[in-house]
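Asks: If you're matching them up, the sequences are chains A and B in order.
Take my numbering: the final residue in the first sequence is number 495, and no numbers are missing along the way.
Take my numbering: the final residue in the second sequence is number 745, and no numbers are missing along the way.
In short, the hints are calculated from the structure, not lab data.
Keep in mind it's a predicted model, so treat the numbers as computed, not measured.
Cβ atoms here follow ideal geometry from the backbone N, Cα and C, with glycine treated the same way.
Among these hints, one or two may not hold up.
As the list claims (entries may be wrong) - Below, simulated SDA-like cross-link-like pairs (lysine to any residue); rule was C-alpha separation at most 20 Å, straight line:
1) B:Lys670 to A:Asn119
2) B:Lys671 to A:Asn118
3) A:Lys117 to B:Leu667
4) B:Lys680 to B:Thr568
5) B:Lys670 to A:Lys264
6) B:Lys605 to B:Leu667
7) A:Lys264 to B:Phe641
8) B:Lys670 to B:Val646
What the hints assert, rightly or not - With the C-beta cut set under 7 Å, the calculated list includes, among others, these residues of chain A facing chain B:
9) Asn118
10) Asn123
11) Arg189
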Amino acid sequence: MSHPESFALLANGTSLPWTEVPEMAIADFVRATAAELDRGGRLCSWFGVPEGAAVRLVAVIAFDADNTLAVGRSLPVVGGYKALTATHSQAHLFEREVWEQHGLVPEGHPWLKPVRKNNSNGNAPAVGEFFRVDGREIHEVAVGPVHAGIIEPGHFRFQCAGEEVLHLEIALGYQHRGMEDALPGGPHRATMSQMETVSGDTTIGHATAYATVLETLAGTEAPLRAQWLRAIALELERLANHTGDIGALANDVAFLPTSSACGKIRGDFLNLTALVCGNRFGRGLVRPGGCRHDLDAERVARLTERLATALADVEQAANWFWDSASVRTRFENVGTVHASQAGEIGLVGPAARACGLVRDVRFDHPAGWHRFAQLPVAVWPGGDVFARARVRWLEIQRSGQFLKEQLAAPPEGGIRDELAPSAPDTLAVALVEGWRGEVCHVALTDATGHFRRYKITDPSFHNWTGLALALRGTAISDFPICNKSFNLSYCGFDL
Amino acid sequence: MAYPKGPAPALPDRHGGALRVDAAKCANGCQDCVPVCPTEAITRSAGRPVALDLGRCIFCAACVDACPSEAITQTGDHRMAVRSRTDLILGDSTKEQVRLAVALDEKLRKLFGRSLRLRQVSAGGCNACEADTNVLGTIGWDLSRFGIQFVASPRHADGLLITGPVTKNMELALKKTWDAVPEPKIVIAVGACAIAGGPYVGHAQVNNGAEAVVPVDLYIPGCPPHPLTILDGLLRLLGRLEEKASPPKA
Numbered sequence: 001m002s003h004p005e006s007f008a009l010l011a012n013g014t015s016l017p018w019t020e021v022p023e024m025a026i027a028d029f030v031r032a033t034a035a036e037l038d039r040g041g042r043l044c045s046w047f048g049v050p051e052g053a054a055v056r057l058v059a060v061i062a063f064d065a066d067n068t069l070a071v072g073r074s075l076p077v078v079g080g081y082k083a084l085t086a087t088h089s090q091a092h093l094f095e096r097e098v099w100e101q102h103g104l105v106p107e108g109h110p111w112l113k114p115v116r117k118n119n120s121n122g123n124a125p126a127v128g129e130f131f132r133v134d135g136r137e138i139h140e141v142a143v144g145p146v147h148a149g150i151i152e153p154g155h156f157r158f159q160c161a162g163e164e165v166l167h168l169e170i171a172l173g174y175q176h177r178g179m180e181d182a183l184p185g186g187p188h189r190a191t192m193s194q195m196e197t198v199s200g201d202t203t204i205g206h207a208t209a210y211a212t213v214l215e216t217l218a219g220t221e222a223p224l225r226a227q228w229l230r231a232i233a234l235e236l237e238r239l240a241n242h243t244g245d246i247g248a249l250a251n252d253v254a255f256l257p258t259s260s261a262c263g264k265i266r267g268d269f270l271n272l273t274a275l276v277c278g279n280r281f282g283r284g285l286v287r288p289g290g291c292r293h294d295l296d297a298e299r300v301a302r303l304t305e306r307l308a309t310a311l312a313d314v315e316q317a318a319n320w321f322w323d324s325a326s327v328r329t330r331f332e333n334v335g336t337v338h339a340s341q342a343g344e345i346g347l348v349g350p351a352a353r354a355c356g357l358v359r360d361v362r363f364d365h366p367a368g369w370h371r372f373a374q375l376p377v378a379v380w381p382g383g384d385v386f387a388r389a390r391v392r393w394l395e396i397q398r399s400g401q402f403l404k405e406q407l408a409a410p411p412e413g414g415i416r417d418e419l420a421p422s423a424p425d426t427l428a429v430a431l432v433e434g435w436r437g438e439v440c441h442v443a444l445t446d447a448t449g450h451f452r453r454y455k456i457t458d459p460s461f462h463n464w465t466g467l468a469l470a471l472r473g474t475a476i477s478d479f480p481i482c483n484k485s486f487n488l489s490y491c492g493f494d495l
Numbered sequence: 496m497a498y499p500k501g502p503a504p505a506l507p508d509r510h511g512g513a514l515r516v517d518a519a520k521c522a523n524g525c526q527d528c529v530p531v532c533p534t535e536a537i538t539r540s541a542g543r544p545v546a547l548d549l550g551r552c553i554f555c556a557a558c559v560d561a562c563p564s565e566a567i568t569q570t571g572d573h574r575m576a577v578r579s580r581t582d583l584i585l586g587d588s589t590k591e592q593v594r595l596a597v598a599l600d601e602k603l604r605k606l607f608g609r610s611l612r613l614r615q616v617s618a619g620g621c622n623a624c625e626a627d628t629n630v631l632g633t634i635g636w637d638l639s640r641f642g643i644q645f646v647a648s649p650r651h652a653d654g655l656l657i658t659g660p661v662t663k664n665m666e667l668a669l670k671k672t673w674d675a676v677p678e679p680k681i682v683i684a685v686g687a688c689a690i691a692g693g694p695y696v697g698h699a700q701v702n703n704g705a706e707a708v709v710p711v712d713l714y715i716p717g718c719p720p721h722p723l724t725i726l727d728g729l730l731r732l733l734g735r736l737e738e739k740a741s742p743p744k745a
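Using the sequences and the accompanying hints, generate a full structural model.
Replies: See the structure below:
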């Protein structure tokens, strides 16, 4: 290692022998990570790897404009180290997570509390103390874990002066199923199904990241036709969810035409995924080594035809919404996250692009089929609810166009190969642009090629902080539209 | 939608529907399906017929692919909701395949039959069961035409519809929600997780299903169940399905 303080570069969907990941003393490692972030890097993942009684830290950093990733690791650490969060807030949840998972204390972390673990009674998350604003006129609002609709559980604690929210703290962990704890020694029998349900509305995103990791570790890639199928399923997943979100936003401002129509059209897109693989959420399609279902010419024709109908329907429903001044005024200048904040906290996906940040894995870090077929990055400035709705609409259009082009020109060949065993002592990284943003999977294998550590970072892990910031100075009655405009995953965060 | 007076909408052709087990077709000692099941839903002890627990099943069809003698097959049938957990164990040749749910007793049917308010609790669900429950409220399915609604407070509810394996972290919240529902009340477990833990069965962080915390009156299998399967279960429980009016798909 000739450059002890620089990180190793690698591309999305590739791997590196563990011994070739540069290692540094912990203070140097934190300093080097800070330097990489300062020169434009973005923290994709940061996690611990146990080694005896000690822990090594690993950082995965993305340089989006350079289409490259950088990885580094610390020497084994015991006890504590000087927190990266003190200078770089995008590390704040990662360092809390490492503390919770491995007991390593990030000294100087401004808000060190658990992320998702059980409390001592074992029947609720250990949420710790909440940040409180004091004052005679200040009141506190607590919401959840059980919410009013058919949605996942989480707890929101608002500090308010009248209607105005001064601070929102989000406490999660209710959905914690022990995902990462189950993975060492794997893959196990249930691993593929667990990957498909990290966040069930992002089945294709997480399953593709997982399959890519295993293919990378086997030193191969899936057949081109399987990569094409995955790219198609990924956009169908995006279309269903973005359409649902536009409907949900319309519902929350009582604009029922778009709400009613999008509820149905969302189902039409889910049924297109079911046309491909039988399951509306894409379960059973992506497998390590390829895909389990193919599209013959007749099925491509049916898919193309039904896609055109659904796209025309969603265009009509969205236009009702955009053409209504009363809808636009409810969304404009509400729940604003500024571009500088978005960069600082490391927002990803449509939430980041709605702050004007050009950041999209499909474009910046193309792997799989996206090496051959790109989508333009849909960006809108403003950072408010309007911008987040607008980016979704732009992406619906881009995804629709992409699908039309791809369905017209399928690559030939098989859809699944047998995978060779995973390389031993190797670190593999896969990023996928799920509909919420960057899905990041990192695997480290042991001497036998089994998982020694497997780290999953759902886009929601980056973005919940964005929702908290969006509420500052916003009326608490606008929480529902702010929340819908992010529509983050609880289970993807809680793992 | 014509259903339930008219025929049920078709499931996607690759969906497969409920599984059927014909243990008489199993070769002596064959265990091919057992190790491929991700949730260990299939067991075969020596000298016994194969047993498939449709409650644990996530419908990946790996067993269908692995079976050399077509003993496990897909039926294309969307109907699979049951009232008793053991009714989901397939393979015993003396029993029906899936003993479909019977309606609530007369007293409860009188109370809930034309007006059922449910509080949904996601307790470790991945958001797929939640989404396909939610979809029943959209204009196509129009769940409220049956008098079934999801309400915001357990105090306004006649029962709970639970998704997810019931994580340890949701155990207390689920108990409190259950306690807040006035008697008489019912519980519906939707999806492999809520019935038996799904892909998370055996994890220390989960309860392997709702039954560990509250009594369950209706089990609706799937990962997630198709909306039609959920609706079929709800209507069956309320005695709102005339069997002749909804023949199983060929």
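Asks: Taking the hints in turn, state whether each one holds.
Replies: Cross-check of the supplied hints:
Straight-line distance between C-alpha atoms of B:Lys670 and A:Asn119 comes to about 17 Å, which keeps the hinted pair within the 20 Å bound. Restraint check for B:Lys671 and A:Asn118: the C-alpha separation of about 17 Å stays at or below 20 Å, so the hint holds. Simply put, A:Lys117 and B:Leu667 have alpha-carbon atoms about 14 Å apart, close enough for the 20 Å limit, and the pair holds. Of the pairs offered as hints, the one joining B:Lys680 and B:Thr568 is violated, with about 36 Å between alpha carbons and a cut-off of 20 Å exceeded.
With a C-alpha separation of about 34 Å, the suggested pair B:Lys670 and A:Lys264 falls outside the 20 Å cut-off, and the hint is violated. A distance of roughly 31 Å separates the Cα atoms of B:Lys605 and B:Leu667; the hinted pair therefore is violated under the 20 Å criterion. Annotation: proposed proximity of A:Lys264 to B:Phe641 holds, straight-line Cα distance about 19 Å (limit 20 Å). A hinted pair counts as satisfied when its Cα atoms are at most 20 Å apart, and B:Lys670 with B:Val646 qualifies at roughly 18 Å.
Hint status for A:Asn118 relative to chain B: holds, with the closest Cβ pair at about 6 Å, below 7 Å. Interface hint at A:Asn123: satisfied, since its Cβ lies 4 Å from the closest Cβ of chain B, which is below the 7 Å cut-off. At its closest, the beta carbon of A:Arg189 sits 5 Å from a beta carbon of chain B; the interface hint therefore holds under the 7 Å criterion.
Hint compliance for this structure: hints 4, 5, 6 are not met, and every other hint is.
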